[in-house]
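Engineer: Each chain, written out:
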Amino acid sequence: MTRYIGRRVLQMLMTLFLIMTILFILLKVTPGSPFTNPRISAETRAMLEMKYGLDKPILVQYVIYLGGLLRFDFGESIIIIKNYPVTKMIFEPLAITARLGLIALLIGSAIGIFLGALAALNRNKFWDHFNTIIAVIGVSVPSFVIATILLLLRKQFPIVPIIFNKADPAKGISLLDEIRSMTLPILSLSFGVIATISRYMRTELVEVYNSDFILLARAKGLNRTQVFTKHAFRNALIPIITVMGPMLVALITGSTVVERFFGVPGLALLTIKSINVKDTFVTLGAELLYSAMFVMTMLFVDIAYGFIDPRIRLVGGGKND
Amino acid sequence: MTNHDKNLNQAFDVENLPKDLFTFEKATDDAEGLTTKPISFWQDSMRRLFKNYVAVVSLLIIVVLFLTAIIAPMLSNYTLTGRVNQDYYKFAQLPPRVPVLEHFGLFDGTLIKEFTQGSLDEVGYASDEYKIVGTFTRNRIEYLKVKEYTYKYLDIEDRYFIFGTDILSRDIWTRVWYGTSISLLIGVYAAIIDVLIGVIYGGIAGYFGGTKIDDVMMRILEVLYGIPSIVILFVLFMFLTPGIVPIAIAIALTGWIGVARMIRAQFLKLRDQEFVLAARTLGASDTRIIMKHLIPNVVAQIIVMASFSIPSAIFYEAFLAFIGIGLDLSKPSLGVLINDAISSTQGAMTYVYQLVLPSLVLSTLMLSINLLGNGLRDALDPRMRNN
Numbered sequence: 124m125t126r127y128i129g130r131r132v133l134q135m136l137m138t139l140f141l142i143m144t145i146l147f148i149l150l151k152v153t154p155g156s157p158f159t160n161p162r163i164s165a166e167t168r169a170m171l172e173m174k175y176g177l178d179k180p181i182l183v184q185y186v187i188y189l190g191g192l193l194r195f196d197f198g199e200s201i202i203i204i205k206n207y208p209v210t211k212m213i214f215e216p217l218a219i220t221a222r223l224g225l226i227a228l229l230i231g232s233a234i235g236i237f238l239g240a241l242a243a244l245n246r247n248k249f250w251d252h253f254n255t256i257i258a259v260i261g262v263s264v265p266s267f268v269i270a271t272i273l274l275l276l277r278k279q280f281p282i283v284p285i286i287f288n289k290a291d292p293a294k295g296i297s298l299l300d301e302i303r304s305m306t307l308p309i310l311s312l313s314f315g316v317i318a319t320i321s322r323y324m325r326t327e328l329v330e331v332y333n334s335d336f337i338l339l340a341r342a343k344g345l346n347r348t349q350v351f352t353k354h355a356f357r358n359a360l361i362p363i364i365t366v367m368g369p370m371l372v373a374l375i376t377g378s379t380v381v382e383r384f385f386g387v388p389g390l391a392l393l394t395i396k397s398i399n400v401k402d403t404f405v406t407l408g409a410e411l412l413y414s415a416m417f418v419m420t421m422l423f424v425d426i427a428y429g430f431i432d433p434r435i436r437l438v439g440g441g442k443n444d
Numbered sequence: 458m459t460n461h462d463k464n465l466n467q468a469f470d471v472e473n474l475p476k477d478l479f480t481f482e483k484a485t486d487d488a489e490g491l492t493t494k495p496i497s498f499w500q501d502s503m504r505r506l507f508k509n510y511v512a513v514v515s516l517l518i519i520v521v522l523f524l525t526a527i528i529a530p531m532l533s534n535y536t537l538t539g540r541v542n543q544d545y546y547k548f549a550q551l552p553p554r555v556p557v558l559e560h561f562g563l564f565d566g567t568l569i570k571e572f573t574q575g576s577l578d579e580v581g582y583a584s585d586e587y588k589i590v591g592t593f594t595r596n597r598i599e600y601l602k603v604k605e606y607t608y609k610y611l612d613i614e615d616r617y618f619i620f621g622t623d624i625l626s627r628d629i630w631t632r633v634w635y636g637t638s639i640s641l642l643i644g645v646y647a648a649i650i651d652v653l654i655g656v657i658y659g660g661i662a663g664y665f666g667g668t669k670i671d672d673v674m675m676r677i678l679e680v681l682y683g684i685p686s687i688v689i690l691f692v693l694f695m696f697l698t699p700g701i702v703p704i705a706i707a708i709a710l711t712g713w714i715g716v717a718r719m720i721r722a723q724f725l726k727l728r729d730q731e732f733v734l735a736a737r738t739l740g741a742s743d744t745r746i747i748m749k750h751l752i753p754n755v756v757a758q759i760i761v762m763a764s765f766s767i768p769s770a771i772f773y774e775a776f777l778a779f780i781g782i783g784l785d786l787s788k789p790s791l792g793v794l795i796n797d798a799i800s801s802t803q804g805a806m807t808y809v810y811q812l813v814l815p816s817l818v819l820s821t822l823m824l825s826i827n828l829l830g831n832g833l834r835d836a837l838d839p840r841m842r843n844n
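Chains as they are written, first to last, in this note's numbering: chain L, 124 to 444; chain Z, 458 to 844.
The set of hints was computed from the structure by calculation and includes no laboratory data.
Each residue gets a CB set at the ideal place from its N, CA and C atoms; glycine is no exception.
Cut-off 25 Å, straight-line C-alpha distance, at most; resulting in silico cross-link-like pairs (PhoX-like, lysine-lysine): (1) Z:483 with Z:749; (2) L:211 with L:396; (3) Z:508 with L:248; (4) Z:494 with Z:483; (5) L:401 with L:205; (6) Z:749 with Z:726; (7) L:289 with L:205; (8) Z:570 with L:278; (9) Z:609 with Z:570; (10) Z:604 with L:278; (11) Z:588 with L:278; (12) Z:476 with Z:749; (13) L:278 with Z:602; (14) Z:547 with Z:570; (15) Z:588 with Z:609.
Take a look, some chain L residues computed to stay more than 12 Å from chain Z by CB distance: (16) 165; (17) 173; (18) 184; (19) 194; (20) 196; (21) 215; (22) 334; (23) 344; (24) 360; (25) 361.
Facing chain L, a subset of chain Z residues (Cβ under 8 Å, in silico): (26) 683; (27) 685; (28) 688; (29) 692; (30) 772; (31) 824; (32) 828.
The shape of chain L in the complex, shown without the other chains (with noise of 0.2 Å):
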C-alpha cells in the first residue's frame, strides 16, 4: 500500500508540475502584457516590464518562477494589488469559495441523502418520481437560471440580503450579517448537490437492498427500521462518502456563476479579474490552486477506494480504466 500510494504522489507532481508548464508557456504566449494600456508610454512599459523582469526570455522566467515555487512563492500581483505576494491574495478567496462551498456541500448532502433514502424505500411512489424530477432538473437547468429563480423569489420574500456581505466590525457588518448574506449562495449552490447525491443514494440504496447480507438480516429477525438503520444505511453511505470529496472539489472551481451572481469576492471572481487585467502571475497561481485541488481529491478518492477495495490496488490505480 505504502508503495503504491508514494507511486501515486510521485504521479501527482509530475502531473502538476506538467500543469503548471503548459499554464506557464500559454499564458506568456498571450498576446498583450499587464502594460498594454493607451495611457502608458512605450518607454515607461518597457521600464515596467524590466523592473517585473518581463524582458527576460520565456525560459528564464520559467527557471526564475520554478525557483520561486519550490520556496512557496507563487510571485507577485502586479496590477491588481502592486507588489502583494499572490500567496496571500489567493487565501482570502479561496477561504470564502471554500467555506460557502463546504456549507452547500454539508447540507445539500444530508437533503440529498434524505431525498435518496426516501426514494429507494418508496420505488415507484411518489417520492421516488419526485427524486427523479429533481435530479433531472438538477443537470437540465443551469445553475444562473436558478440563481434568478431564488432571487426572484426572494422579491416576494426579503428576508435575506442579495450581495454578499464580508464580516467587518470596523464596517459595522457582524458575522450574523455575512451568514444572513451567505443564504441565497449556498442555496443556488447546494442545489447540484441534492440532485447529484439523492441520485446516488438511491441507487446504492437500491442496490444494497437486493444483496444477501440484508436478507440474512431479515431472516433474523431484524425488523425494517433495524435493518435500515443498521445494515442498509451505512453500507449505502461508503460509496457516498467517496464521491463528497470531488464534489466539494467540483462545488469549489464551479462557483463561477454563484459568484458573479450574489457578488461573492471568491476565487473564481478573482481569477476571471486577473485574466482581465492580464495579472499573469495572480492567473497562474489561481490555476495551480484549481488543479492542485483537482489532482489531490482525485488521489485521495482512489486512495480511500484502494483501502475499500484492495483489488484495485493490485492492477494499480483504477483511474486507467
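Given chain L's structure and the hints, the job is docking chain Z onto it.
Structural biologist: Just chain Z now, kept in the frame of chain L:
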C-alpha cells in the same frame, strides 16, 4: 504432427498463402437455419426506445423546438437586431401577447407595475387601461399593485408580440428562436468534435492497450484530465475570438477526455474477445478489425455519449456567456439572451418575462435532450442502466 497435417503442408505453403484464395463472406439468415425473420440490433433498440414514452415525448419536443428554431425566425416580420418600430420608446419592454390565449388571461399583454397613489395619478391611465390588483407596504409607504393593459394604454391593440419586446424594442420571439438554433448548433458541433477526437484517441490507445503507445497516451490524458475544465476555459478565453466554431472547439476540448477513456476501456475489453481473434486469424488487418469489428460494437455507447455531450455543451456555452466569455451580440445564443435579460431587467419582477422565456426554452431543450439520452442509453445498452 499427424500425417494429415503433413500432407496439407505439402499441398499449401501455409505461411505464404496467396491472398486471392480468400474472400470475405457475408453471414446469411438461411445459413443459421432460422424460421422467423431475425431482428437486427438497431430494430430491437428502436423498439425498446419507442416503448419508453418519456423518451418519445422528449424526442417530439426536440423535433418541435428544432423546427420552430428554424422556421420561426424565417416567418417573423422582425429581424434579430432591428427595432420593431421607428418609435422605439413606445415599443420597448412590451409584454408578451398571443392572439387566442389572451382571452384566457395568459399572454394577454399586461404588466404588473408598482405605484404609490400619487405616481399612479401622474401616469394618467384611462379607466379601462389599468386595474388595481393589490396593495402592500414597504418601508412604511403604501404601494399599489397595478395591472397595466399595456397594449391598450399605448394604443397598439392591433399588434401582437408573442414573447414581447426587450429594452431596445427588439422582438424577443425572433431572438429566442434564433438563439435556440445557435445554441443547438454549438451543441452539435461540440458533440461531433468531442466524439471524433475521443474515438480516435481512445481507439488507438485501447487497441494498442498495454504497449508503450498506450502508456504514453494515457499519461498525457491523465495530465489533461488533471486540469479542471474551468482552467482550460479560462486559458482558452484569452486566445478565443468569439464565434460559434471557436466556442464549440473550446467546449469540446474539455469534453473529449471522457469519450476517449470510455472508448479505450471498451476497446481493451473487446480486443481480447474471440471474434477479434477469429478475424485476426483470418488475416484481417488492424484497420479492418478496428473499422469493421471494434467500432460497430461501440457505436451504441458513442451515440449515448454524444447525446449527453450536446446538452452539456449547450450548458457550458450558456455558462460562458454568463461569465462574459461567450459569443458576441451579433450571434446571440440562448445563454447570451439570458445574460442580457438579467442585466437589462435588473431582476425587476415587472419585466421578468424577458428572462423567463429564454430560460424556459433553454431548460426545456436541455431537459428533453437529457431525457432522450437516458432513453437511448436504456435502449441501446440496457446494462448501463442506473449508472
